[in-house]
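K.L.:
One-letter residues, chain by chain:
Protein chains: 2
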Amino acid sequence: MHETTPAALTPAHRELLDQVLDKWSLQVLESLCERPQRFNELRRSVPAVTQKSLTATLRRLERNGMVERNLLSSRPVAVEYRVSALGSTLQDLVDALLAWSTSVLPDVETARAAFDGTGPDTASLSR
Amino acid sequence: MHETTPAALTPAHRELLDQVLDKWSLQVLESLCERPQRFNELRRSVPAVTQKSLTATLRRLERNGMVERNLLSSRPVAVEYRVSALGSTLQDLVDALLAWSTSVLPDVETARAAFDGTGPDTASLSR
DNA sequence: CGGGATCCAGTCGGATACTG
DNA sequence: CAGTATCCGACTGGATCCCG
Chain A
36 MHETTPAALT PAHRELLDQV LDKWSLQVLE SLCERPQRFN ELRRSVPAVT
86 QKSLTATLRR LERNGMVERN LLSSRPVAVE YRVSALGSTL QDLVDALLAW
136 STSVLPDVET ARAAFDGTGP DTASLSR
Chain B
36 MHETTPAALT PAHRELLDQV LDKWSLQVLE SLCERPQRFN ELRRSVPAVT
86 QKSLTATLRR LERNGMVERN LLSSRPVAVE YRVSALGSTL QDLVDALLAW
136 STSVLPDVET ARAAFDGTGP DTASLSR
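If you read the sequences in order, they're chains A and B. Be aware that the first sequence starts at 36, since it is given in the working numbering, and climbs by one per residue. Be aware that the second sequence starts at 36, since it is given in the working numbering, and climbs by one per residue.
Note that these hints are calculated values from the structure, not bench results. Careful, some of the hints might be misleading.
What the hints assert, rightly or not - Cut-off 27 angstroms, straight-line C-alpha distance, at most; resulting in silico cross-link-like pairs (DSS-like, lysine-lysine):
hint	chain 1	residue 1	chain 2	residue 2
1	A	Lys58	B	Lys87
2	A	Lys58	A	Lys87
3	A	Lys58	B	Lys58
4	A	Lys87	B	Lys58
5	B	Lys87	B	Lys58
Model the full structure from these sequences, guided by the hints.
P.N.:
Printed below as a string of structure tokens:
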């Protein structure tokens, strides 16, 4: 059922995953999956993001068909962002990623501690 | 509402995913999943990677317990890298990611074309 | 309110050279 | 062979100003 290598990891695949699974995209998508939001609303939902990064992230996600941008009003300008049908297919992935990271996190932290302790006897090599 | 979300996307989760799902890690892991390899062997398996990036990637993966580094010989120095048990749990994830990207890639490219065409109609940006 | 333009510091990644 | 060290250009991301 599952071959060891069903398909090669082509540059096109890598590019797509990079554009969609990057630092802010996951959080933006996660937030938008809960409910459609406007720009500044979204900005508050993702605390650490700056306007520039948020704009870039939204543009990228929009370009890849993951989110839709709807102009609600023209007066004080209201823009609503929502996940598209295509974008909603990502929820399962994000969920799987989250579940995996949760399950292995303890082991990972153990490994990190072991690595940080085993390698640099001279210490001081933390991030 | 959805209890399908076991936990929020904490910084710790994001950090782990970032260290493991980045540009080179996926390809290195994919290659190492097929068979254990030595440094330069691995370097040939992932054509575009530089030694610096490969070293950094391997160190990071090793630190997170995803790969194991084994010293085989001491004379001309032979080092073997192989995926750990923890790292092998990633195969399913990578597989899911790959399957997803494959399935949506056509739609994504359509969306991209639409986006690139819809926006700047005032300028033919063909370079 | 939403977002484009700009400046700027910090980081990343590539190329090269050198070592055990 | 398997790295480490270094220089450096490119890209990133933050802060700020401004416009519709």
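K.L.:
For each hint, tell me whether it holds in the structure or not.
P.N.:
Hints, one by one, checked against the model:
1. The suggested pairing of Lys58(A) with Lys87(B) holds, with an alpha-carbon distance near 23 angstroms, which does not exceed 27 angstroms.
2. The suggested pairing of Lys58(A) with Lys87(A) holds, with an alpha-carbon distance near 14 angstroms, which does not exceed 27 angstroms.
3. This hinted pair checks out: Lys58(A) and Lys58(B) have alpha carbons roughly 13 angstroms apart, not beyond 27 angstroms.
4. As the CA atoms of Lys87(A) and Lys58(B) are separated by approximately 23 angstroms, the hinted pair is consistent with the 27 angstroms bound.
5. Note on Lys87(B) and Lys58(B): the hinted pairing holds, with a Cα-Cα distance of about 14 angstroms set against a maximum of 27 angstroms.
In summary, the structure agrees with every hint in the numbered list given earlier.
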